[in-house]
Each structure stands twice: as C-alpha cells, then as structure tokens.
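J.: As they're listed, the protein sequences go chains A and B.
Taking numbering that gives the first Met the number 0 as reference, the numbering of the first sequence is continuous, increasing by one, and the terminal residue is 323.
Taking numbering that gives the first Met the number 0 as reference, the numbering of the second sequence is continuous, increasing by one, and the terminal residue is 335.
Any given hint might turn out to be false.
Below 30 Å or equal to it, Euclidean Cα-Cα: the simulated DSS-like pairs (lysine-lysine) are [claimed, not checked]:
| no. | chain 1 | residue 1 | chain 2 | residue 2 |
| --- | --- | --- | --- | --- |
| 1 | A | Lys270 | B | Lys279 |
| 2 | A | Lys203 | B | Lys279 |
| 3 | B | Lys278 | A | Lys204 |
| 4 | B | Lys262 | A | Lys203 |
| 5 | A | Lys295 | B | Lys205 |
| 6 | A | Lys257 | B | Lys278 |
No lab work stands behind these hints: they were computed from the structure.
Remember, it's a predicted structure, so these values are computed and weren't measured experimentally.
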Amino acid sequence: MGSAEPIIEVKGLSTVYYSLRGLVRAVDNVSFSVIRGEVLGVVGESGSGKSTLSMSILRVLPLNARIVAGSIMYNGVDLVRLPEQEMKKIRWHKISLVPQAALNALNPTMKIKEHFIETARYHGVRDKGAVIKKASELLELLRLEPRRVLESYPHELSGGMKQRVLIALALLLDPEVLILDEPTTALDVLTQRAILDLLKDLRKKIDITMIFITHDIAVIADLADRVAVMYAGKIVEIGDVFTVFKNPYHPYTRALIKSIPSVIGSVEEMKPIPGSPPDLVNPPPGCRFHPRCGEKLPVCSEKEPPAVEVKPGHVVSCWLYAAR
Amino acid sequence: MPRTISTSLIEARNLRVYFYVKKGALGKRGIVKAVDGVDLVIEERGIVTLVGESGCGKTTLGKTVAGLLKPTSGEILFRGKSITRMNRKEYMEYRRSVQIVHQDPYASLNPTKTVFQTLSYPLMRWKLVRGRAEAEEKVKELLRLVGLTPPEEFMRKYPHQLSGGQRQRVVIARAISVNPSLVVADEPITMIDVSLRLGILDLLLKLREELGTAYLFITHDFGAARYFSAKGGGVIAVMYLGKIVEIGPAEEIIQHPLHPYTKALIDAVPVPDPEISRKKRMPPLRSLDIPSPLSPPPGCKFHTRCPDAMPVCAEKEPPLVEVRPGHYVACWLYAK
Numbered sequence: 000m001g002s003a004e005p006i007i008e009v010k011g012l013s014t015v016y017y018s019l020r021g022l023v024r025a026v027d028n029v030s031f032s033v034i035r036g037e038v039l040g041v042v043g044e045s046g047s048g049k050s051t052l053s054m055s056i057l058r059v060l061p062l063n064a065r066i067v068a069g070s071i072m073y074n075g076v077d078l079v080r081l082p083e084q085e086m087k088k089i090r091w092h093k094i095s096l097v098p099q100a101a102l103n104a105l106n107p108t109m110k111i112k113e114h115f116i117e118t119a120r121y122h123g124v125r126d127k128g129a130v131i132k133k134a135s136e137l138l139e140l141l142r143l144e145p146r147r148v149l150e151s152y153p154h155e156l157s158g159g160m161k162q163r164v165l166i167a168l169a170l171l172l173d174p175e176v177l178i179l180d181e182p183t184t185a186l187d188v189l190t191q192r193a194i195l196d197l198l199k200d201l202r203k204k205i206d207i208t209m210i211f212i213t214h215d216i217a218v219i220a221d222l223a224d225r226v227a228v229m230y231a232g233k234i235v236e237i238g239d240v241f242t243v244f245k246n247p248y249h250p251y252t253r254a255l256i257k258s259i260p261s262v263i264g265s266v267e268e269m270k271p272i273p274g275s276p277p278d279l280v281n282p283p284p285g286c287r288f289h290p291r292c293g294e295k296l297p298v299c300s301e302k303e304p305p306a307v308e309v310k311p312g313h314v315v316s317c318w319l320y321a322a323r
Numbered sequence: 000m001p002r003t004i005s006t007s008l009i010e011a012r013n014l015r016v017y018f019y020v021k022k023g024a025l026g027k028r029g030i031v032k033a034v035d036g037v038d039l040v041i042e043e044r045g046i047v048t049l050v051g052e053s054g055c056g057k058t059t060l061g062k063t064v065a066g067l068l069k070p071t072s073g074e075i076l077f078r079g080k081s082i083t084r085m086n087r088k089e090y091m092e093y094r095r096s097v098q099i100v101h102q103d104p105y106a107s108l109n110p111t112k113t114v115f116q117t118l119s120y121p122l123m124r125w126k127l128v129r130g131r132a133e134a135e136e137k138v139k140e141l142l143r144l145v146g147l148t149p150p151e152e153f154m155r156k157y158p159h160q161l162s163g164g165q166r167q168r169v170v171i172a173r174a175i176s177v178n179p180s181l182v183v184a185d186e187p188i189t190m191i192d193v194s195l196r197l198g199i200l201d202l203l204l205k206l207r208e209e210l211g212t213a214y215l216f217i218t219h220d221f222g223a224a225r226y227f228s229a230k231g232g233g234v235i236a237v238m239y240l241g242k243i244v245e246i247g248p249a250e251e252i253i254q255h256p257l258h259p260y261t262k263a264l265i266d267a268v269p270v271p272d273p274e275i276s277r278k279k280r281m282p283p284l285r286s287l288d289i290p291s292p293l294s295p296p297p298g299c300k301f302h303t304r305c306p307d308a309m310p311v312c313a314e315k316e317p318p319l320v321e322v323r324p325g326h327y328v329a330c331w332l333y334a335k
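If we strip away everything but chain B, and leave its shape as in the complex, we get (with noise of 0.2 Å):
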C-alpha cells in the first residue's frame, strides 16, 4: 500500500492483533494471530469492505479499528494520529467518530427500551441535545432517515415489535446518531430476510451521501461486498488468516482476481443462473479446510490449499505488490 502524507481518516499500519489461548487438555499456550500485520488505509466518504471465510480475522480488524480491541503491536492513527498517542479529548473524539454494526440485531438493541431510549442515550451522552423536547426532534430526525416512517410510532416501540430489517434500521440510526466519520459494519445483512438485505445496504450508501460517513463493511459474501463496494465506487479487500491477500476497486476484483485464493472463492460461489452456475465446480485446491489458526503454514499461508503452489511459497511470505492500478495483490505468482 502507498504511503501517503496522512490525512486519511483511518489508516492501520503493520498491524497485528494476536489472541492468548489454552490449547489442549493440559492447557498449553497457544497464539491466534487474527490479524497478522495488515495495513488499510480508509479515505474520509471512502468504503472499504472486507471479505473472507469464518476465522479470516476480519471482525478482529473491524473491531480494532473501532477501537474495541487493543493492537498487540502496530498503529491505527485516526486522521493522522496514532491513537495510542491521544490526549483524553482526542480520544473521545476518535471512538465518537468511529461506530460499530454488529452482525445480530436481536443482539444488539436492549429488550426493555424503546426505541426512543435506545436513541437517545448517546445523544445525550456526547452531549448533543439538550432536554427532552431537543432529543424527540433530533430521534424523529433519525428515524426518517433510516426509514422507519412515521417516527412517532417506531420511537414507543420495543425492539420485540420490530421485524429483523427495522432493528437494524435502529442500530443504524443508533450507529449514525452521533455524526461518525466511519461505520463499521459487521455484517449487517447476514440475519436480514433475503429480500430487504439490499435495502439495507442502499440505506447505508445513502446515508454516505447525506452525512458523508465512510464504511469498513465486513462479510463473508462476495455478492453482498461486490454490491456495496462497487455501488459506492470503494475497494475490496480479500482475508485469509489474517492478512489481506488481495485489495483492489470492487469490479476489477470481482471480474479479474489474481490470487488464487480469491479465484477460488469467487468459481465456487453459486449464482442465480441455472446455466452458469452448474458449470462451477470445487476450484483444485489441495485441502478443503482452513489451517488451524494456532499453528497456520509457513511463508504464504495459502499455500497448503493452493493449486499454484511453488516451491517459494512455503519459504517466504509474499509481499503485496501493485498488478494493475489500484489493485494489489500478496502472491509469488506475481512478486519477484
């Protein structure tokens, strides 16, 4: 990745967040490596999304940027410092401007609050309204803006009397309430009826045009990431345990993948056409399952699963080098 003079909004350099574990009966130590030396830069409107299989490390990186998990080494410098670094006041200011979806919205939202409450609490909490009346105006505010129409009904509900796509129209609003720079979202559509899961990623686009909010939107489906990334003109960046293995704008990712993990993902995956899709088969890969994460393969982690391997592979870790424009790829198919 370049390194530009920072004034991204996020950017995470080298950074690795590692996981202590017992491993075994007798309690031996283990080390999960869930993120593994990654670097993202993400603009300010800017939509990054991440996809990869269960166990990729793409909601510990998720989680991290947001600030819910601490790196074991690495930075994240939020519009150009380190977060480590901060002052209380930027640091507030930083978790404020970065807010988090998170996959399950029976989860996510307390089941003794209404909608109001849920609303309202970190309006008041960052102190942006004053007395109830203020913070009435500023939930029916965000209800319209996330659809949920006409606000005065939605804000007296509790979260049981909503069906899962309006829940996670409330934590949307929830996430978006107090003006973030960047949402974080989780998966926000796996638990959606199939149905309303693109109306929930064009509310989000929508929202990025209103508010200006950039998006770290994580998933495991490469539909879904296609859809969002390349409706909003941003990138996608494949995971494998750990490490971006591939990043690059959406349709050059989706139309010409050069790693041969995101081919492999991308054969596989059905589509609904009758005629394509029977023509798919299971790509050659020499092993059907990820590697444990305690103890992942030397050099390119894909390589024991890979169907190009050589005999570099297993020795060195590949870098991530530029193929086309914007589109970078870790392989030694294409490094020197």
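Pulled out of the complex, with its shape left as it was, chain A reads as follows (with noise of 0.2 Å):
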C-alpha cells in the first residue's frame, strides 16, 4: 500500500430516501477514509446502506434520495457541493463504478466494442480507434480475447465474462478509484474465484484504489486491506482486514463472522444473529445493533455509542470500548 495517503475523506455523510413511508436514512453520519492504492471492502446485509454509500460518493442517486449532510473530499474538492457539469468530469474518468446486478448492465443489441465507443464518446472521447485498442488491452488484462469478446452480443457471453467486459468497461479512461458492488455475487464458485483472482492481479498491474461493496465478509477476507462493517446506515467498525478478522471488536462483526456457513471451521461455532435488521423509518434509540446484541448495557438503548480507535487505525463504534 505505501504511504497511508486518503484519495477519499467521507465525513459525517448522510444520505436520506424520500419513501411514503417516511424518511429512510439509509447512510446516516458515516466517516472514514479511503487510502490510495488499497481496496477497501465494505461489508453489509442488505439495507445496511453499502451501495447507498457508493452511489453518493459517484452522486448517482436515484431520485428520491438525498445527501443531506457530510462531505466527501477528493483530490481537494468536496464531491457533494461540485456542480453536476463538474461531476460528470469525476465520473468514468476518476471514479468509475461496477453498478450491482451488472450482468443485466449490457444493452443485448449492441456488439461489446460498441459499449466501448458509445461510452468513450459520452465521456468526449471520439478517436474509435484508440478505444478499441484501449479497450483490448484492458480485456487483455482481464484474460479476455480481444477480437472475439469485442465482436461479440452480450447474450453470447458467459456470466463471468460479461462481469469482466464491465470491469473493463470502467477501467476505460484510466480512473483512479473503482468502486464495485456486489461484482461477484450472481457468479458461480470458479467464477467468482477467477474474477477475485483477476483483480487480485489487477492492482498488480495498473495503479487503482478500490471500493469493494459486498455482503459475502469471506470475499473480503480474500481480497481487501481494510474492512468497514456496516449496519443500518453506520459503520461499526473498520480496520486491517487481518486485524479485524483475528480479533473483531464490535458484538455485530463477531456475530457477523460466526453467521457464515463455511467449509473450514467447526459447524458448531457457526450460529445465526438473533433478532432482524431494523427498519431504517424507525431505527432503534441508541446503538442500532442493540436489540440484537448479546453483549448489550443499559446505556446502549439510550445513546449512540461514539466512534473510538482501539489500535491505530482500528475504529469501533461500542459502548465496550467507549468511555461512558
């Protein structure tokens, strides 16, 4: 990783839908930061707000939401006060995002090298020929055949390599951060281990941060450096992926690791968290994990447990830890 420096500072954001049943804060006073050349693994159930996360730092909300508090700091400008015709000079050619569901993100009636040229040319670049040769390195790198994948329908690629031609798609004008959500969920076990192997030789390669969304915490364990918990809109904890996984301070990230049928381990030890996710109208006083929580005290229904670093550069967001 080098030097420790962030590319992305996110302070006190929140991000609210608009729904009819009231206001949903989906992302509600997160911080952290994201270090140049790492890959950050965001790690939540559904509703925890992870892609809420990533499509604000992009501002490719959908229309009922709204950042309504917070910054987010890249390369000295606040991403959420940039004006919409600044931000599209962000998106792509910075920040660039793998969307989830992405096997459904590829027009059936357009030839792959025509997503290319279509978003090169959206994003101002028009020279065809130098996409195309962009284009095949890239799908080189992603141990695609160039002429064969770039000639092809999407309905003639296998999962795995559509997933692959939208990695390449995203990489197309050099960004520097490239967020991905969900990129190996609808993917078959050899699949997934191929694309997690390919990204693995990515960051080899080409010099990138990543932002890994997923709910699956074993592909972060394989794959990222530091990992942010999140649930109901927070991060409970973030830290080094060894550090966090060897010893997991927050109740949730403990239960969270135990929850995961695993092919090593003792099937004992694995148990299911009590209790279901809150509702995001109506969260729960306090710390949100705490009617779920084994290790709960009286002042956890009360107030909202701070964020306190345990370890350098290891934060938990727990009353255990927290001076009360």
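From these two lone chains plus the hints, build me the complex, please.
T.: Spelled out as structure tokens, the structure:
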C-alpha cells in the first residue's frame, strides 16, 4: 500500500430516501477514508446502506434520495457540493462504478465494442481507433480474447465474461478509483474465484484504488486490505482485514463472521444472529445493533456509541470500548 | 448406490429428465439432458443436500422428486411404489407427502392473501381441519412452530408487511402444514439476509426433530450444504451436468473430497479467514466455463475441464464406486 495517503475522505455523510412511509436514513453520519492504492472492503447486509454509500460518492442516487449532510473530499474538492457539470468530469474519468446486478447492465442489441465506443463518446473521447486499442488492452488484462469478445453480443458471453467486460468498461478512461458493488454475487464459485484472482492481478499491473462492496464477508477476507463493517446505515467497525478478522471488536462483526456457513472451522461454532435488521424509517434508539446484541449495556439503548480508535487505524463504535 | 429392498421414503432409479429446446435461429431441435441417469435414496427423516453450479440439474432433480416435472425415463419410488403406477388415492398421498420450498420468498406468496389465507388454504384443501375455528388454531400452531410470534399478529399480515426472512418462514409453514414426509428446499436461504440464513436452516432442522420431516436441500453454496447436512447427519451429493459425481457423509465430502470437480469447488470458495482464503488460487482447471448442456462432452462430462483427465475419461463414462464406507465417486481415478 505504501504511504497511507487518503484519496477519498468522507466526513459525516448522511443520505436519506424519501419514501411514503417516511424518511429512510440509509447512510447516517458516516466518516471514513479510502487510502490511495488500497482495496477497501465494505461489508453489510441488505439495507445496511453499502450501495447507497457508493452511489453517494458518485452522486448517482435515485431521484427520491438526497445527501443531506457531510462531505466527500476527493483531490481537494468536495464532491457533495460540486456542480453537476464538474461531477461529470469525475465520473468514469476519475471514479468509476461497476454496478450491482451488472450482468443485466449490457445492452443486448449492441456488440461489446459498441459499448466501449459509446461510453467513450459520452465522456468526450471520439477517437474510435484509440478506444478499441485501449479496450483490447484491458480485455487482455482481464484474460479475455479481445478480438472475439469485442465482436460478440452480450448473450454470447457467459456470466463471468460479462462481469469482466464490465470491469474493463469501468477502467476504460483510466480512473483512479474503482467502486465494485457486489461484483461476484451472481457468479458460480469457480467464476467468482477467477474474478477475485483477476482483481488481485489487476492491482499489481495498474495503479488503482478499489472500494469493494459485498454482503459476503469471506470475499472481503480474500481480497481487501481494510474492511468497513456497516450495520443499519452506520460503519460500526473499520480496520485492517487481518486484525479485524483475527480480533473483531464489535459484537456485530463477531456475530457476522460466525453467521457464515463455511467449509472451514467447526460447524458447532457457526450460528445465526438473533432478531432481524432494523427498519430504517424507525431505527432503534442508541446503538442500532442493541436489540440483537448479546453484550448490550444499559447505555446502549440510550445513547449512540462514539467512534473509538481501539488500536492505530482500528476504529469501533461500541459502548464496550468507549468511556461512558 | 446399493439397492436395498425399498422401504426408503424416496428412491430415484436411473432418473432422466430431458428438455427439448430450439437451437439457433433455424430452430434446430436440441436436447438438454438436465438430469441424466441419477440414482438417489432419501430415507425417512433423512437429509440429502444437492450441491452444484448453476445449470447442473439440481433444481430439475428436486422438482422431479416433488412430482412437478415428469421424468423422461427412470422411476421414482415413494415408499417402495413407483409413482407412475399409483392409483389416484396413492398418488395424492405422495403429492401431499412431498412439499417444496422455492428460492424466492418474494415470488412464492400471493401478495393479495393474508398469512392466514395462505396457510389455511392447504389445510382446507387436504381436509386437515374442519371450519374456521379449527383452521385458526392450526395456523397459530404452525406460526409458533416457525417462530413467527405472536401468531395472532402475523396471521393478519400481508406478504409486503413481512421481511424476507419472515416470508420464508411463512413459506416453510405452508410446506409443513400438510404433514409432509419430505420437503424439497430449493435454495431456501439464497435470498435471505446473511445474518438470518443459519436461522432458517436451524428451523428446518428443528422441524425435523419435532415432525420427522426428511429434506432434499438444494444449494450452490458448499458452506450451507456442509452446515445443513453435517448438523443433520446427512449426506452431500455433488452434481455436474445432470449427474451425481460424488456423494457421501457431509464432513467426509468437505474434508476429504475425491472427485477433481468437488476438490476444485471446495478449493475455490472464499472463507472468512484472510490467512487461509488468500492462499487459495484458481484450481488448475483446463476451462472455466461449464460446457453447453446441449452438447455435453462424451465419456466423463468433466473431462474437458479436469486437471487429471486420462485417455479413458473421454471415452467411457465412469461408474459411481464406493471408495470409503458410504462415500461414492464417479471418476476413473478411483474406478477400475
């Protein structure tokens, strides 16, 4: 990773959805930084706010969502306050997204090469020859045969191939940051392994920072340098992957790791987390995890726990570690 | 597989399920052999987990066992009697005894019906209750059984008022409401929140203790397969292109896989431990993608991807042989 210079710094970010039932606080007062060159894994269950977080960074939120507080500093500018015209120069050029359900993201009536040409054209690059050359390089980097793939329609490619095409497409304009939202979720085990290995190789070959969003904590263990654990719109724990997995501080992180049925470890130690994730229109007071927590204290249902740095770079929001 | 005198709950014998599809723009006919010669035994209260990649035929096999698809050839015996040779009464008894839980709890409940309506319908249809009062009692009992309490509250709810995990519990309650002997659970946890998945599997295991239900559990996830079959003392069967390539006790399959395909899958899956997961690399398969099921390779269907393929593998199909007690594998490395 080299120097720990932050490339993106998020401070006090809150994003809400306006729904008929009321305000949904999908991302609530979240602060963290992304370090240049790292893979930051963001893990959480559905509804934890992890996808909203990534859409907030790129400001590609649905119409009923809005960033209501906080800042996202990137290269000295606050993306939250950047005019839309300027934001267009960031998207794809500087920060790029591989969206969730990406397997349906390709236009079935367009050849793969047209996807590359169209994307580049929209972002102001008109030299088709140069685009195809760049696309071929990227596809090769992702171990696809450029000649065959560029001339194919999406339906002629397997799921794993389409996923790799989408990663190549996101890398087309040499972004500094790549956000991947559940990039291996719909894939079979072997294809998932191939994509994980490719992403690891890619980091060695090109200068890139990745934010990897997933519900699967095992994938984070496999790939990320640091992990941010999200629960009900909050980051509850963030730190180095090896440290967090070896010695998770937050009761939610501990429970989440144990709730994964895995091919390693003892079956007896695996168990579900009791209760279910909260309704974000009406989240529980205090720590949002307290109704499901096995170690809760009286204070947990009253006051929100502050973020505490338990070890250098390892931050936990839990009353077990905060001065009360 | 050994052929015991069939007192087993379900026995599939040389089961084949083919689909006829149009191939290409000219509409040339092709055959997808989704299930291609499977023998499988499910004992009373037994647990069999089918695991494999998408397209391996595991869902087709599950649906066929549940009587939702007609086999192209081969037989399904229910308590020793072929389901095609049953009279109407026997056949209805089989259909009641084998229920299915589908993957998507959002699509498997009628959005216009309350939980009470959904759960009371099968009770009425099978004449298991008489009148509304009795139905209410039974529905309450079912809701308690699947952990949806207080039942009075859940009875009145519509599916959109329930979370994914709660919906799946309603679907499970519906399946067990008619006292089935076997529940085919097809990816029942795939669409459920991660933290709740083991809760659903634990519920199924608890119901087996209380009601004696056997399970055919279908999943693509080796971790879930292991958890369910190991906790329930059952077996894991690995499928590839319509065939069972390996079957045996759960921990035996996970700790000592024999088939190169099973080994590759278990080697590839990420695990929640960075030190172990990072040592994993793509197994040395000769090809990443499953061959088209329209034109599967001859001989062993895995030979085109297998790192250990030998000349015989392209010629003859390997038989399923018992390598260790109860652990069978279809691979020429182990067969003579």
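J.: All hints are to be evaluated individually against the structure, with a verdict given for each.
T.: Structure-based check of each hint:
Distance restraint check for Lys270 of chain A and Lys279 of chain B: the Cα-Cα separation of roughly 25 Å lies within the 30 Å cut-off, and the hinted pair is therefore satisfied. Distance check on the hinted pair: Lys203 of chain A and Lys279 of chain B sit about 17 Å apart at the alpha-carbon level, within 30 Å; holds. Straight-line distance between C-alpha atoms of Lys278 of chain B and Lys204 of chain A comes to about 20 Å, which keeps the hinted pair within the 30 Å bound. For the hint pairing Lys262 of chain B with Lys203 of chain A, the CA-to-CA distance comes to about 28 Å; that is within 30 Å, so the pair holds.
Distance restraint check for Lys295 of chain A and Lys205 of chain B: the Cα-Cα separation of roughly 28 Å lies within the 30 Å cut-off, and the hinted pair is therefore satisfied. For the hint pairing Lys257 of chain A with Lys278 of chain B, the CA-to-CA distance comes to about 21 Å; that is within 30 Å, so the pair holds.
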